[in-house]
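We have chain A; now place chain B onto it with these hints.
These protein sequence lines are chains A and B, in that order. If you number the first sequence the way the numbering used here does, the last residue is 515 and the count never jumps. If you number the second sequence the way the numbering used here does, the last residue is 746 and the count never jumps.
One or more hints might be untrue.
Straight-line Cα separation of at most 25 angstroms, BS3-like style, residue types lysine-lysine; simulated pairs [what the hints assert, rightly or not]: (1) Lys627/B x Lys428/A; (2) Lys627/B x Lys654/B; (3) Lys515/A x Lys458/B; (4) Lys461/A x Lys663/B; (5) Lys461/A x Lys627/B; (6) Lys403/B x Lys422/B; (7) Lys480/A x Lys538/B; (8) Lys422/B x Lys362/B; (9) Lys654/B x Lys725/B; (10) Lys403/B x Lys392/B; (11) Lys362/B x Lys316/A; (12) Lys458/B x Lys399/B; (13) Lys458/B x Lys384/B; (14) Lys316/A x Lys576/B; (15) Lys428/A x Lys396/A; (16) Lys422/B x Lys458/B; (17) Lys481/B x Lys422/B; (18) Lys403/B x Lys458/B; (19) Lys422/B x Lys399/B; (20) Lys663/B x Lys428/A.
Partial list, derived from the structure: chain A residues whose beta carbon lies under 8 angstroms from chain B [what the hints assert, rightly or not]: (21) Val51; (22) Glu57; (23) Asp78; (24) Gly129; (25) Thr233; (26) Arg269; (27) Phe279; (28) Tyr298; (29) Ala311; (30) Arg315; (31) Leu319; (32) Asp333; (33) Asn345; (34) Ala360; (35) Asp465; (36) Arg466.
Here are the computed distance ranges between Cβ atoms for each label pair [said to hold, decoys possible]: (37) Thr433/B x Trp234/A: 47 to 55 angstroms; (38) His77/A x Cys429/B: 43 to 51 angstroms; (39) Ser715/B x Ala355/A: 37 to 45 angstroms; (40) Gln371/B x Phe471/A: 54 to 62 angstroms.
It should be emphasised that the hints constitute simulated quantities derived from the structure, not laboratory data. In this text the structure is predicted, and so the values were computed from the model without any measurement. Every residue gets a Cβ at the ideal spot worked out from N, C-alpha and C, and that includes glycine.
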Amino acid sequence: MSPRRTPSFLLASLVGALAPFVPGAAQALEPEVTSDTSAQFYDVRSPTGETVIARRRLTTTLGVSVYDLHDTPDDPTGPSLSFRARMRYDADYGGTANETNPGNPSGVVPGFERGPVDLMYGYVEGRRYLGGWLGFKVGRQYVVDSLGWWSFDGGQVKITTPLYFAVEAYGGLEQRGGMPLSTPRFEREGIWRGDRTGYDPALYPSFQPNDVAPAYGAALESAGFTWLHGRLTYRRVNNTGASNVSEFANGLRQPVSYSGTRISQERIGYGFDGTLPDIGGVKGGLAYDLYNARFANLYASIDAYASRKLTLSVDYDYYVPTFDADSIWNFFLAMPMNDLGVRASWDATDHLAFSAGARARAFGVQTANENVSSPTAPNGLPDANYFPKSSLDLMGGGNLAARWHFGEGAVGARSNADVAKNGERLGIDLYGERTLETRFVLSARAGVWQWNDKLRTDRDAVSFQYVAGVGYKLWQRSLVFVDFEHDMNRIAGQRFRGMLWLSMAVTK
Amino acid sequence: MTTKQGKSVGAIAYLVLVVALVLAACTAFAQDPPADGAPAPSTEDADAGAVEPAPPQPAPPPAPPATAAEEAQAWFTGVDVSSGQSPLPNNGPMPLKLLPPGAFEQDRGPSAAIFPPQKLTLRFNHKFHVEQQKLQCKTCHVGAITSESVNDRLTPKGTTCDSCHGTTHDDLSRVTPGSDASGKCNFCHLGYKEGDGNLVAKFDIPRPNMVFNHKKHAVRNINCQQCHGDVQELELATRDQMPRMRGCFGCHQHPDAAARGEAKATCETCHVKGGGQEGGRIKTAFPTGAMQPPRWLHNSQHTPDFVQRHKYVAANDSQFCANCHKEEFCTACHDGRVRPRNIHPNDYLNMHAVEGRLATQKCTSCHREQSFCLGCHQRVGVSMSGPVKDSGRFHPPKSEWSDPPRRPGHHSFEANRNLNACVSCHIERDCVICHGGKGIGGGFNPHSGSFVAGCSTQFKRNPRPCYVCHDPGAAVLQRCK
Numbered sequence: 008m009s010p011r012r013t014p015s016f017l018l019a020s021l022v023g024a025l026a027p028f029v030p031g032a033a034q035a036l037e038p039e040v041t042s043d044t045s046a047q048f049y050d051v052r053s054p055t056g057e058t059v060i061a062r063r064r065l066t067t068t069l070g071v072s073v074y075d076l077h078d079t080p081d082d083p084t085g086p087s088l089s090f091r092a093r094m095r096y097d098a099d100y101g102g103t104a105n106e107t108n109p110g111n112p113s114g115v116v117p118g119f120e121r122g123p124v125d126l127m128y129g130y131v132e133g134r135r136y137l138g139g140w141l142g143f144k145v146g147r148q149y150v151v152d153s154l155g156w157w158s159f160d161g162g163q164v165k166i167t168t169p170l171y172f173a174v175e176a177y178g179g180l181e182q183r184g185g186m187p188l189s190t191p192r193f194e195r196e197g198i199w200r201g202d203r204t205g206y207d208p209a210l211y212p213s214f215q216p217n218d219v220a221p222a223y224g225a226a227l228e229s230a231g232f233t234w235l236h237g238r239l240t241y242r243r244v245n246n247t248g249a250s251n252v253s254e255f256a257n258g259l260r261q262p263v264s265y266s267g268t269r270i271s272q273e274r275i276g277y278g279f280d281g282t283l284p285d286i287g288g289v290k291g292g293l294a295y296d297l298y299n300a301r302f303a304n305l306y307a308s309i310d311a312y313a314s315r316k317l318t319l320s321v322d323y324d325y326y327v328p329t330f331d332a333d334s335i336w337n338f339f340l341a342m343p344m345n346d347l348g349v350r351a352s353w354d355a356t357d358h359l360a361f362s363a364g365a366r367a368r369a370f371g372v373q374t375a376n377e378n379v380s381s382p383t384a385p386n387g388l389p390d391a392n393y394f395p396k397s398s399l400d401l402m403g404g405g406n407l408a409a410r411w412h413f414g415e416g417a418v419g420a421r422s423n424a425d426v427a428k429n430g431e432r433l434g435i436d437l438y439g440e441r442t443l444e445t446r447f448v449l450s451a452r453a454g455v456w457q458w459n460d461k462l463r464t465d466r467d468a469v470s471f472q473y474v475a476g477v478g479y480k481l482w483q484r485s486l487v488f489v490d491f492e493h494d495m496n497r498i499a500g501q502r503f504r505g506m507l508w509l510s511m512a513v514t515k
Numbered sequence: 266m267t268t269k270q271g272k273s274v275g276a277i278a279y280l281v282l283v284v285a286l287v288l289a290a291c292t293a294f295a296q297d298p299p300a301d302g303a304p305a306p307s308t309e310d311a312d313a314g315a316v317e318p319a320p321p322q323p324a325p326p327p328a329p330p331a332t333a334a335e336e337a338q339a340w341f342t343g344v345d346v347s348s349g350q351s352p353l354p355n356n357g358p359m360p361l362k363l364l365p366p367g368a369f370e371q372d373r374g375p376s377a378a379i380f381p382p383q384k385l386t387l388r389f390n391h392k393f394h395v396e397q398q399k400l401q402c403k404t405c406h407v408g409a410i411t412s413e414s415v416n417d418r419l420t421p422k423g424t425t426c427d428s429c430h431g432t433t434h435d436d437l438s439r440v441t442p443g444s445d446a447s448g449k450c451n452f453c454h455l456g457y458k459e460g461d462g463n464l465v466a467k468f469d470i471p472r473p474n475m476v477f478n479h480k481k482h483a484v485r486n487i488n489c490q491q492c493h494g495d496v497q498e499l500e501l502a503t504r505d506q507m508p509r510m511r512g513c514f515g516c517h518q519h520p521d522a523a524a525r526g527e528a529k530a531t532c533e534t535c536h537v538k539g540g541g542q543e544g545g546r547i548k549t550a551f552p553t554g555a556m557q558p559p560r561w562l563h564n565s566q567h568t569p570d571f572v573q574r575h576k577y578v579a580a581n582d583s584q585f586c587a588n589c590h591k592e593e594f595c596t597a598c599h600d601g602r603v604r605p606r607n608i609h610p611n612d613y614l615n616m617h618a619v620e621g622r623l624a625t626q627k628c629t630s631c632h633r634e635q636s637f638c639l640g641c642h643q644r645v646g647v648s649m650s651g652p653v654k655d656s657g658r659f660h661p662p663k664s665e666w667s668d669p670p671r672r673p674g675h676h677s678f679e680a681n682r683n684l685n686a687c688v689s690c691h692i693e694r695d696c697v698i699c700h701g702g703k704g705i706g707g708g709f710n711p712h713s714g715s716f717v718a719g720c721s722t723q724f725k726r727n728p729r730p731c732y733v734c735h736d737p738g739a740a741v742l743q744r745c746k
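With the rest of the complex left out, here is chain A (with noise of 0.2 angstroms):
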């Protein structure tokens, strides 16, 4: 089979092996077939403007459900088995054989695939089993909470108790990019990996060689209140196989690899919230690297309802970067970002509604050498190096948005201010959208935006842009839908981009 060929034949097995579970089968069953298809056409150039390429992009996904197993659809509270899954092309037609062919190392591009597909997600889930206690989802599943997006392939288990809680446990192994219908969207950042079958060990020796990652994790979490909820979760993944750790291919030094099961990552995470309707809410969480020993995030928000159209809020977030276990930029200083905004969200009519707030940052500042044993520099010159008398590198920012719905039509405006030392941006968008006799959709953006990347004043620009988008509702949830944007600024001259979009549904 040749590798162009391995897109369709693996949807149509897809659809093949699913097809039993279809109408016709059983009268009960919910089937349900869609698909997302975009064509994207654009060009993107370096910043220093000699470097162009042509993005021809095609991306599509199929997903097949089937709900209702059980053929017990009357009965929301009795036990309900489904299966769902979806897969994804994802082509990029501007790309170059020469840019995924490790035989040509002087135009490999590591990592990069034209064609790659992969399950987003495949599993069958069941629920309120043995009286509501059993829950559990086996296959491709994604997991959100307090620790991220997160993908394995495996099993989870979760059981709802009658006092308000639930307990959940999963295993398997992590999502991994170059691995069988993966990407590499939900490793932890730091790690540059991948498939290096057919790479000369020497070449680019920074790319890691994929393996299993073997994962698992727990979750305690609330259940049943209609005004609070809580998630307590951890989780754990390790790294296997060879790693190599000597990345220098110029002969510095010869290859070396470290092999063995090592940890990637172990985090806790927890996150609530609680709501008091007429007085306001709560919200919090945060998420704890074992690893580096450290909080990565804490963040909080609250929420008081001023009256019954204006609420006003404080939200608060602390960020510090981590990453995969592997990786060597855990180990390099990195200073936390504390947020602190306020805004104010005010629903005018039934139909309108405005949102405003503003936010400061305060980036954590390095005001001494760090290191007095071991200097920063080991040609003596730590005496010379500068360090800012201030603890805290402030920037600003705002944001206002407006909103004004009706019958098939909305209309809007978004607004985002941010100043900085080192660059600022300031625009607006305005846009619209409306659906004639409930199947001609119209769609109309338009936008000025304004950066200074001080940095670089090269790359300083005043950026317009338009939208215009045309589209048509074959039937329910199914829509062609064609758009075309038009950027207008000093660094790109005038760009354009087609988009093509079909949608399309098809239920029982």
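For chain B alone, kept in the frame of chain A given last:
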């Protein structure tokens, strides 16, 4: 066939296959396109409507208080024909205590997506019928205690009124008025004038877009007021008396739960199953509007800035989001392949470097830097280690950016402030050249001052990154062993 032609043929073949598969599936499930989810009209709707087909008319505004002349013209002495046109006399303000449980002061009424707007073209005084005529709710709403579906029409038919009003509604094409004033057509039918014959304004209470079983509630002795409020204190009952979701939660728990009394429920217990425009377990888009979570429900109101703040909800309880959104709705951004313009506006390709440096949005929320960002940067040459070498220098001059000693504008400040920005273009090797231990790199120590205190634990759990910069036998590494 050339390679290029082969690619094209392959692409076309793939396209044809995908389209064929989808079209085949379409054929298998072929159905007439409904009018965007609008429910099919029921015969009972027709019964409750005009005697003869009449174009929909807006409900007439509440009539002003009857004048003396009008009262004089009233055929039925003692009856105020201005009553029953609004919930309270003279359209007075509705006190919270009369609204259904869960309603708020200055409530705007229930969701139009669930309870579509109604056209009430009848005058009716509930209070009069309950207090003075001693009627019960079920006297007129006969089917309410046995109804098992929202498709059941529970408003009384005209024949229900006949026994007291002397009218005959058996044949809606030949309705016979009663002999006294209370039996005249315009006694109840608003806007009816002498000479209109058998034509009255259409009365329309659309079926709610939900699931509800009155019988299940009635057999548990849940009375009408527990869901509809004190209708017996009102003249005209409007949409405002429809139940509020917050009131339902008085008995029902909303997520999956183990046995917890008889009111355990899932979303599908009350909401219509099936994906809407955006998928999900329940249908959220209806011709009369889209369902949106109320402010009081997990503080998750979808305000115009919700895209910037939704993490507070999603990170705490993603299952709550999954009630209305399927995975692909979230992954359209969080694992997306098409730039969402509401998040990355305008010429974001040229703008994103500034935003990445400011970290106003966390790139890692949706992108993995060592794959998504690095791959593209290497293709266009914004990288030290990629195959494209003809791009110019991205950073300020080396003498300012990376040469020691550290001065204002030095890259170390940028790295300390936002290390993620470095990781989006550079690979480990780029940093090790200078920051690796002596003999491997330049010996410029990147560690924090407290690093040595915790490095032994990290070394035990994963020594790999240590070996990237230090030889296994290096003396400096012994401090972490």
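Structure-based check of each hint:
no.: 1; hint: Lys627/B x Lys428/A; verdict: holds, 19 angstroms
no.: 2; hint: Lys627/B x Lys654/B; verdict: violated, 29 angstroms
no.: 3; hint: Lys515/A x Lys458/B; verdict: violated, 48 angstroms
no.: 4; hint: Lys461/A x Lys663/B; verdict: holds, 16 angstroms
no.: 5; hint: Lys461/A x Lys627/B; verdict: holds, 20 angstroms
no.: 6; hint: Lys403/B x Lys422/B; verdict: holds, 13 angstroms
no.: 7; hint: Lys480/A x Lys538/B; verdict: holds, 22 angstroms
no.: 8; hint: Lys422/B x Lys362/B; verdict: violated, 29 angstroms
no.: 9; hint: Lys654/B x Lys725/B; verdict: violated, 39 angstroms
no.: 10; hint: Lys403/B x Lys392/B; verdict: holds, 14 angstroms
no.: 11; hint: Lys362/B x Lys316/A; verdict: holds, 21 angstroms
no.: 12; hint: Lys458/B x Lys399/B; verdict: violated, 31 angstroms
no.: 13; hint: Lys458/B x Lys384/B; verdict: holds, 19 angstroms
no.: 14; hint: Lys316/A x Lys576/B; verdict: holds, 22 angstroms
no.: 15; hint: Lys428/A x Lys396/A; verdict: holds, 16 angstroms
no.: 16; hint: Lys422/B x Lys458/B; verdict: holds, 21 angstroms
no.: 17; hint: Lys481/B x Lys422/B; verdict: holds, 23 angstroms
no.: 18; hint: Lys403/B x Lys458/B; verdict: violated, 31 angstroms
no.: 19; hint: Lys422/B x Lys399/B; verdict: holds, 19 angstroms
no.: 20; hint: Lys663/B x Lys428/A; verdict: holds, 20 angstroms
no.: 21; hint: Val51; verdict: holds, 6 angstroms
no.: 22; hint: Glu57; verdict: holds, 5 angstroms
no.: 23; hint: Asp78; verdict: violated, 14 angstroms
no.: 24; hint: Gly129; verdict: violated, 11 angstroms
no.: 25; hint: Thr233; verdict: holds, 5 angstroms
no.: 26; hint: Arg269; verdict: holds, 4 angstroms
no.: 27; hint: Phe279; verdict: holds, 6 angstroms
no.: 28; hint: Tyr298; verdict: holds, 6 angstroms
no.: 29; hint: Ala311; verdict: violated, 11 angstroms
no.: 30; hint: Arg315; verdict: holds, 5 angstroms
no.: 31; hint: Leu319; verdict: violated, 12 angstroms
no.: 32; hint: Asp333; verdict: holds, 5 angstroms
no.: 33; hint: Asn345; verdict: violated, 12 angstroms
no.: 34; hint: Ala360; verdict: holds, 5 angstroms
no.: 35; hint: Asp465; verdict: violated, 10 angstroms
no.: 36; hint: Arg466; verdict: holds, 7 angstroms
no.: 37; hint: Thr433/B x Trp234/A: 47 to 55 angstroms; verdict: holds, 53 angstroms
no.: 38; hint: His77/A x Cys429/B: 43 to 51 angstroms; verdict: holds, 50 angstroms
no.: 39; hint: Ser715/B x Ala355/A: 37 to 45 angstroms; verdict: violated, 51 angstroms
no.: 40; hint: Gln371/B x Phe471/A: 54 to 62 angstroms; verdict: violated, 43 angstroms
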